[in-house]
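Heads up: the protein sequence lines correspond to chains A and B, in order. Read in order, the letters of the first sequence correspond to residues 12 to 274 in the working numbering. Read in order, the letters of the second sequence correspond to residues 66 to 382 in the working numbering.
Accuracy of the hints is not assured; some may be wrong.
Sample of chain A residues facing chain B (criterion: CB under 8 Å; computed from the structure) [claimed, not checked]:
1) L120
2) L122
3) A176
4) A208
Hints were generated in silico from the structure; no laboratory data involved. If you're wondering where the values come from, they're calculated on a predicted model, not measured in any experiment. Quick reminder that beta carbons are idealized off the backbone N, C-alpha and C, glycines included.
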Amino acid sequence: MVALVAVIALVALASLASVAAPYDPVAISLGDKLRAPSASHWLGTDYFGRDVLSRVIWGGRVSLVVGLLVAAIAMAVGVPIALVAGFAGGRVDNILMRVMDAFLTFPPLLLTVAIVGSLGADIWNVMLALGLVNIPVFARLVRGSTLAVREELYVAAARALGATAPRIVVAHVLPNVVAPIVVQVTVTFSAAIIAEASLSFLGLGAQPPHPSWGRDLNEARRYLVDAPWLLIGPTLAITTSVLSLNFLGDGLRDAMDPRSWRR
Amino acid sequence: MSAYLLRRLAQIPLVLLVVTLTVFALVHVTPGDPIQIMLGMETSPEAVEALRKRYHLDRPLPEQYARWVAAATRGDLGSSIRQHQPVTAMIAERFPVSLRLAAGAMLFALAIALPAGMIAAVRRNTWLDYLLTGVSVGGLAIPNFTWALLLIYVFAVTLEWFPITGAGTAPPGSSVWAMLAPFVLPAVALGIQQTAILARMLRASMLEILTQEYIRTAHAKGLASHAVVLRHALKNALIPLVTIAAIQFGYLVGITITIEFIFAIPGMGSALLDAVVNRDVPVIQGFTLFMAVFFILANLVADAVYTLLDPRITYRS
Chain A
12 MVALVAVIAL VALASLASVA APYDPVAISL GDKLRAPSAS HWLGTDYFGR DVLSRVIWGG
72 RVSLVVGLLV AAIAMAVGVP IALVAGFAGG RVDNILMRVM DAFLTFPPLL LTVAIVGSLG
132 ADIWNVMLAL GLVNIPVFAR LVRGSTLAVR EELYVAAARA LGATAPRIVV AHVLPNVVAP
192 IVVQVTVTFS AAIIAEASLS FLGLGAQPPH PSWGRDLNEA RRYLVDAPWL LIGPTLAITT
252 SVLSLNFLGD GLRDAMDPRS WRR
Chain B
66 MSAYLLRRLA QIPLVLLVVT LTVFALVHVT PGDPIQIMLG METSPEAVEA LRKRYHLDRP
126 LPEQYARWVA AATRGDLGSS IRQHQPVTAM IAERFPVSLR LAAGAMLFAL AIALPAGMIA
186 AVRRNTWLDY LLTGVSVGGL AIPNFTWALL LIYVFAVTLE WFPITGAGTA PPGSSVWAML
246 APFVLPAVAL GIQQTAILAR MLRASMLEIL TQEYIRTAHA KGLASHAVVL RHALKNALIP
306 LVTIAAIQFG YLVGITITIE FIFAIPGMGS ALLDAVVNRD VPVIQGFTLF MAVFFILANL
366 VADAVYTLLD PRITYRS
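Only chain A is shown next, with the shape it has when bound in the complex:
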């Protein structure tokens, strides 16, 4: 519950950034550079005199969009593969899953960096790369659930009534594998936030002057001695969003199917 409220609050804050942020996140004010946290700038200001709190709130928007799109790409491609593999079984299943396994042998961060490196450093390429990297994860997970659902009596009943395979998959299998998909979306979301922050930190994602938690931590790195408070905002933002998404995922897992999801 707390996690759900926290996630909703974060989403609201990020989507209402233009109202919620006290200052313009890219407005440079060199007279106010590297100010410590105060009543007018709760989290201080950075080297260009930009308000850190406003940048953190706007940065949340980047993380939100990245998380949503990455989960959407991974789901849109991974779930159909999983449904086909799991429902068809046999040779089709074997081939599709071996290919997915092969993709899983890449160290994920390295593959993402290599894809972004080949496409060019850009936040959209980061989303694309992270989405691609997460496809096999979705496919593996949902295929497992599909295999279980395939053996259910209602599937046999539908088949006996003469339903076609595509219809059975869409009308009977898909609704029953929604639970693991939803849980996986929250997991992917939080992993994507960390990955985007890492890539932007390396200079491969969001480009200046756009606010991004990872990017801003890279700038904070240069002023560790003079302005250590620059670390506070982005670190807290990443940690609270990852924690609340993870807790939300755990909660959903317990709530939706306590039997098959207990570890």
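Please arrange chain B on chain A, whose structure you already have, making use of the hints.
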């Protein structure tokens, strides 16, 4: 050697096919002409054509792929465009550095996770257990590059205990401490998340073992409880832990990039980042391929270790 391991070996050709095709495809999604990037702006069409011939870029794609794979099996991954150095030479130079960093991180993780996981299991549902669990959940939510910045601020900037840079660059003949000290903060930053994972793993498997019959028997025959925990429970809990640690070690080698960037460590990650910034395609390709193969082997070793450690384990399909 079980049939399971043999089956895993039999799958490797397919895995390698997918891996090589993916890495090969990376070049062809790169916007812009690699030859143009290589030569810079001022080039005559003749020079471009000559280089295109030399790198066989004028051949059809399947032939290019075949040539590239054939060369890779001979240990030839091409040459860096920027460094004017064979990619394999770069790997030979830099991979040991990343390996050392990952080993340091794993050492730190095991040193903390072993006692922490054991204590949490033995003292389950006490404040100590909750504290350790809370710390590991929190530890996992902070990315390792953020840990690195926090550690730098506390232990390098404020306390001045450890240097920030210099890992892997100490001149030969320096004291052991001068060589090790720069590795401390990077290794800890890289290892914190693994510490949390391993501690939670160990706690879970210890809890399962502590409810077994033979543990009750050991207690019943009057064995001191520390002996029961160490000799009977821990020994069995270590089997899955070692396997996870082996897999996690391979994973660690693949995520050193942010840490190498922060601490200026001349390993695989920082070289890959340079290659990405400079569009040095042969390096990106070669490094990705090498790491994927390393990952496959590491997982295979982890599986083999698992079957060797526990004679009961037989994989069946």
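Each hint tested on the structure:
| no. | hint | in the structure |
| --- | --- | --- |
| 1 | L120 | holds, 5 Å |
| 2 | L122 | holds, 7 Å |
| 3 | A176 | violated, 25 Å |
| 4 | A208 | holds, 6 Å |
Checked against the numbered hints given earlier, the structure breaks only hint 3 and satisfies all the rest.
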